[in-house]
Amino acid sequence: MKFTEGSEIRDTRAPEGPIEDRWEKRKFAAKLVNPANKRKLNVIVVGTGLAGGSAAATLGELGYNVKSFCYQDTPRRAHSIAAQGGINAAKNYRGDGDSIYRLFYDTVKGGDFRARESNVYRLAQVSVNIIDQAVAQGVPFAREYGGLLDTRSFGGAQVSRTFYARGQTGQQLLLGAYQALERQVAAGTVEMFTRHEMLDLIVADGRARGIIVRDMVTGEIERHTADAVVLASGGYGNVFFLSTNAKGCNTTAIWRAHERGAYFANPCYTQIHPTCIPVSGEYQSKLTLMSESLRNDGRVWVPLRKGDERAPGDIPDDERDYYLERIYPAFGNLVPRDIASRAAKNVCDEGRGVGPGGLGVYLDFRDAINRLGRDAVEKKYGNLFEMYERITGENPYDVPMRIYPAVHYTMGGLWVDYDLQSTIPGLFVIGEANFSDHGANRLGASALMQGLADGYFVLPTTLGDYLAAGPFGEVDEQAVAEAELKVRSKIDRLLAVNGTRTPDSFHRELGKLMWDYCGMERTEESLRKALDRIPELRKEFWENVKVSGTAEELNQVLEKAGRVADFFDLAELMCLDALVRSESCGGHFRAESQDSEGEALRDDESFAHVSAWEYSPDGEPVLHKEPLEYEYVKMTQRSYK
Amino acid sequence: MSFLEMLDVLNERLILEGDDPIAFDHDCREGICGMCGMVINGVAHGEQRATTTCQLHMRHFEDNATITIEPWRAAPFPVVKDLVVDRSAFDRIIQAGGFVSVPAGSAPDAHSIPVRKEDADAAFDAATCIGCGACVAACPNGSASLFTAAKITHLSLLPQGQPERLSRAKAMVDQMDAEGFGGCTNTGECTAVCPKGIPLDTIAQMNTDYLKANAK
Amino acid sequence: MTATIERGAATAPVTSPAPVKKPTRKRPRGFLSSSNGKKVVMAVTGAVMVTFLILHMLGNLKIFISKESFNEYAHALRTLLEPLLPYRTVLTIVEVVLVASVVLHMWAAISLARRAHSARPVKYVAKKSQANGYATHIMRLGGVTILLFLIWHLLDLTFGVVNPKGFDSSPADRMIAGFDPSRWWVAIIYFAAVVMVGLHLRHGVWSAFQTLGWANRDRNKGLRLGAGLLSAVLVVGFLSPPLAIMFGVVQ
Ligand SMILES: Cc1cc2nc3c(=O)[nH]c(=O)nc-3n(C[C@H](O)[C@H](O)[C@H](O)COP(=O)(O)OP(=O)(O)OC[C@H]3O[C@@H](n4cnc5c(N)ncnc54)[C@H](O)[C@@H]3O)c2cc1C
Ligand code: HEM
Ligand code: SF4
Ligand code: FES
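Protein chains in written order, with my numbering: chain A, 1 to 641; chain B, 1 to 216; chain C, 1 to 251.
Hints may be right or wrong, so weigh each one.
Simulated pairs of lysine-lysine, DSS-like, Cα-Cα distance not exceeding 30 Å [unchecked claim]:
1. C:K221 with A:K380
2. B:K212 with A:K380
3. A:K379 with B:K117
4. C:K221 with A:K379
5. C:K221 with B:K117
6. B:K212 with C:K165
Because the hints were derived from the structure by calculation, they are not lab data.
Because the structure is a prediction, the values reported are computed rather than measured.
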């Protein structure tokens with residue numbers, strides 16, 4: 001795939017000056033909208049996850065006229081619901097030395113120096129308000145006997161700053177946002193459109209002015225116009241087919257906005273989570289995440305000998321390889337996500353993996369059970385063990401668990417400036433759908449924080465600044481008609497093929513290809529192979545896919561086909577981005593760029609920038625680089641040995 | 001293979017044979033989003049307790065067994081297609097009052113009001129409802145009491161929920177009636193199939209709040 | 001893997017594909033038209049009836065002391081608070097309250113049943129109860145059985161219409177004649193009904209607490225046990241006089 005390099009791109013919105021004052025400054029500089037005008041300003045929010053749900057609710061509270069969209073049957077089911085671990089906030093309630101600055105520092109470093117300092121600092125500042133807001137809404141966070149909020153340390157952080165609600169933090173936070181949203185629906189400020197899928201963005205006179213959606217129940221294609229559009233449609237990890245994301249997660253909303261001119265930043269940054277339940281058969285439809293906390297007491301190992309077929313219990317200790325403890329004696333089983341993931345892949349590549357297909361490693365609680373007793377282990381991990389047994393049919397008290405890494409989160413997304421505005425004026429992007437705050441690797445419990453920071457606190461201010469110039473008048477009819485036509489013809493094309501393969505079978509094949517060639521470890525060779533293979537497969541898709549039924553009804557095959565079509569295009573861009581970025585950083589590991597000990601090696605000289613891709617209809621995307629500068633945190637190589 | 005994967009396989013075949021695949025709702029496939037739900041052999045979410053449909057596995061079914069699958073059946077949950085039903089009535093019950101009125105940015109510091117751990121834990125237990133609708137599907141009266149009570153109880157147990165406590169209970173219960181759900185007769189069918197094990201006490205809590213609201 | 005599928009009527013949309021957006025009913029106008037309000041009516045009237053049953057049972061047991069004692073009790077019921085109030089005033093009030101309770105209780109039961117019926121217009125092809133179906137099956141069926149019995153019972157012992165001794169006899173005689181072994185079928189009706197009452201209350205008493213919001217996790221075990229015990233006591237208490245009569249212990 002060819003590409004050209006375009007001009008540099010800059011974030012012109014972030015104020016200058018001391019980092020602590022920038023957000024204050026921006027807030028003060030932001031124009032305010034006259035309250036009487038707010039009702040006349042229409043905003044579309046696509047997505048009802050933590051980001052979209054909180055944004056739509058807050059914009060409604062402020063008095064704007066909001067339309068909110070999601071593809072599920074109710075806003076409460078957005079994928080944010082599945083987040084387990086917790087949410088970070090620099091409250092320093094423990095007095096253990098945490099501070100806004102430390103959260104900022106950890107996030108920049110954790111992101112392997114590929115995120116903007118200004119954005120991350122603001123995120124850390126706002127994190128504090130999120131917890132206040134959630135508690136006031138009635139989110140039942142875990143508490144201590146004194147009645148105060150409990151926290152835990154998470155994802156390798158040295159301070160205890162993660163607030164949680166048992167293993168269902170995402171659910172509880174989302175329900176808080178959902179309830180706030182429904183309150184606005186009742187108040188008439190938000191109109192809710194469930195089972196509606198956004199299929200295109202309307203751009204008129206250089207501004208984002210609306211969306212084309214399909215009513216998934218009747219099949220009707222609808223036009224919705226507005227003064228601004230907010231995308232909060234989540235991540236695109238499902239490009240790998242198998243991931244921990246919900247089945248419906250897709251790239252359609254952001255991809256089609258990309259086709260309309262929004263730049264796509266760092267598409268190749270993918271986070272792989274080390275502790276998931278491995279694939280068990282060819283019918284597998286998704287992967288299930290198991291909390292990382294299991295690594296606190298479980299020991300990871302594989303047999304020393306290749307192809308050792310013995311049952312795990314029959315393998316004596318001296319024939320086991322506790323490889324994390326061996327390679328990383330200081331951190332042992334607690335090394336960061338990307339390192340643990342890659343180590344697992346390496347031992348499996350050596351042929352020492354366990355379970356079906358040799359794609360798994362043991363996570364063994366035998367020693368913990370001997371040391372702490374079965375009851376103590378059960379108290380700590382009982383629900384996780386049960387979940388494991390439910391899925392695999394194996395009892396982890398007797399047989400070690402088998403785990404394997406799986407795609408979990410995508411740091412890349414649409415490029416936005418400090419105001420969360422994309423390169424299309426009036427198109428704002430929040431939550432996992434944008435690229436803004438996590439650099440090349442996201443820390444545990446930071447996605448929830450970012451989604452809510454964007455939705456409750458940042459967007460409502462910055463969007464107001466944009467809307468202060470509105471309303472922007474009638475939308476050019478031609479632009480609307482053109483977008484609608486494009487959507488209709490794509491649907492017609494999909495239905496017309498009438499081939500012999502289902503959309504799912506293509507998706508599965510694409511996913512496998514991405515996992516093999518653009519997964520945990522990428523090489524120039526593998527990426528080139530993928531870039532050859534993807535267009536072929538896409539061609540076959542458009543010639544041989546079979547979509548049953550019609551467009552005028554609830555048609556889940558048609559929905560799927562549309563999403564797979566977009567995944568093909570995105571996959572290609574991901575591979576291209578991964579190929580061009582010939583360094584390793586965070587979740588992006590290029591085998592060519594490692595140090596003598598096999599650790600990721602950054603190349604700050606050439607790659608301390610954001611890669612923002614501009615779509616080009618002729619298939620030759622344009623790369624715009626946004627240089628990254630670090631005034632506060634000094635760039636260093638990570639080391640966990 | 002999970003139950004839904006079995007349906008996936010079946011649908012793949014139906015598509016290739018030129019038939020209409022069976023429409024069914026699902027999303028997270030790990031028992032938390034509440035999107036999936038069908039009555040399997042006469043039991044909402046199947047016979048395994050405390051489990052959503054997507055968490056069922058085929059190894060719990062006998063080979064060659066005939067499985068009867070039906071959608072949730074209740075007037076307020078109209079069938080959209082095959083196994084897909086419209087549960088927006090639940091959203092309207094929440095709209096009636098299932099929230100704490102607190103606009104973003106107006107909240108006091110999270111530690112300004114301590115909450116007894118027992119209350120926080122009990123509130124959490126009620127708050128785990130995933131809004132799947134199995135309680136309605138299983139209830140011989142087609143009542144939505146368990147769902148409604150779970151939310152009322154969650155907010156009733158927390159200090160933050162107190163100011164609107166009674167008006168919330170009244171508005172939500174009345175909306176539940178308005179949607180056409182049946183009345184509760186404490187049969188306990190709901191809690192038996194509830195994937196999150198929401199207990200019947202929540203209904204007692206709802207009744208208390210509703211009575212008080214009406215006595216005022 | 002082989003499989004055959006049979007797509008039943010479920011495939012056909014039960015409603016138009018565009019889901020109804022508006023609620024199908026009006027919000028209840030008052031407390032009594034809400035489903036919860038009706039339940040409260042049921043619980044309160046149920047409690048009134050349970051109280052009556054307890055007193056009634058205690059009264060019946062006087063037959064074990066002597067016929068006279070039983071007659072006196074029956075007489076006392078009618079002359080309570082005389083001469084303050086005229087003959088039978090209190091009893092009439094009690095009767096009115098009881099009749100009102102029965103009527104209200106039934107009204108609530110029927111309107112809840114109708115509401116339940118319209119909440120599930122299409123029945124399941126297969127339906128298996130997961131809470132052993134006790135309340136579902138016993139309460140409405142049991143209620144109807146009790147009602148039928150109540151009518152019979154009043155005709156039999158209060159008005160004496162179907163009683164061999166007629167209306168002009170003493171209460172004890174009516175009772176003893178009513179349960180004469182030759183009238184074994186009366187006894188069977190009576191037994192069946194009393195057992196039904198017991199089953200109704202085994203759920204009903206706990207249910208009333210739940211309805212009034214007095215049940216909770218800590219109390220439930222005790223409440224359920226208490227409901228069961230009370231029901232058992234009532235069944236035994238009501239069954240022992242007729243048994244005693246039939247076996248000739250009381251003559
Ligand atoms: C298993 C799991 C566990 C996690 N645990 C944690 C954790 O412990 N801590 C943490 O911080 N993060 C965690 N994460 C990450 C975090 O949950 C997500 O990054 C975050 O919730 C994303 O929120 P969002 O609002 O951006 O998007 P989502 O919640 O994904 O919402 C997307 C919304 O967009 C809508 N949508 C999408 N496409 C369209 C379309 N085309 N048309 C209309 N609507 C559309 C959907 O309906 C949905 O409402 C976890 C993720 C997973 C998968
Ligand atoms: C006239 C005939 C009767 C009918 C049709 C009837 C019917 C019912 C029904 C349908 C219920 C609700 C079931 C439930 O809550 O699960 C109920 C509850 C109850 N009944 Fe009856 N019943 C009758 C007579 C009685 C009598 C004679 C008594 C008492 C002696 C009684 C006491 C109760 C009590 C205490 C409840 C519980 C109320 C509640 O759930 O809050 N009933 N009855
Ligand atoms: S109460 Fe239980 S069964 Fe009912 S909607 Fe909530 S989770 Fe589902
Ligand atoms: S699919 Fe989410 S709960 Fe079953």
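Does the structure break any of the earlier hints, and which numbers would those be?
-> 2, 6
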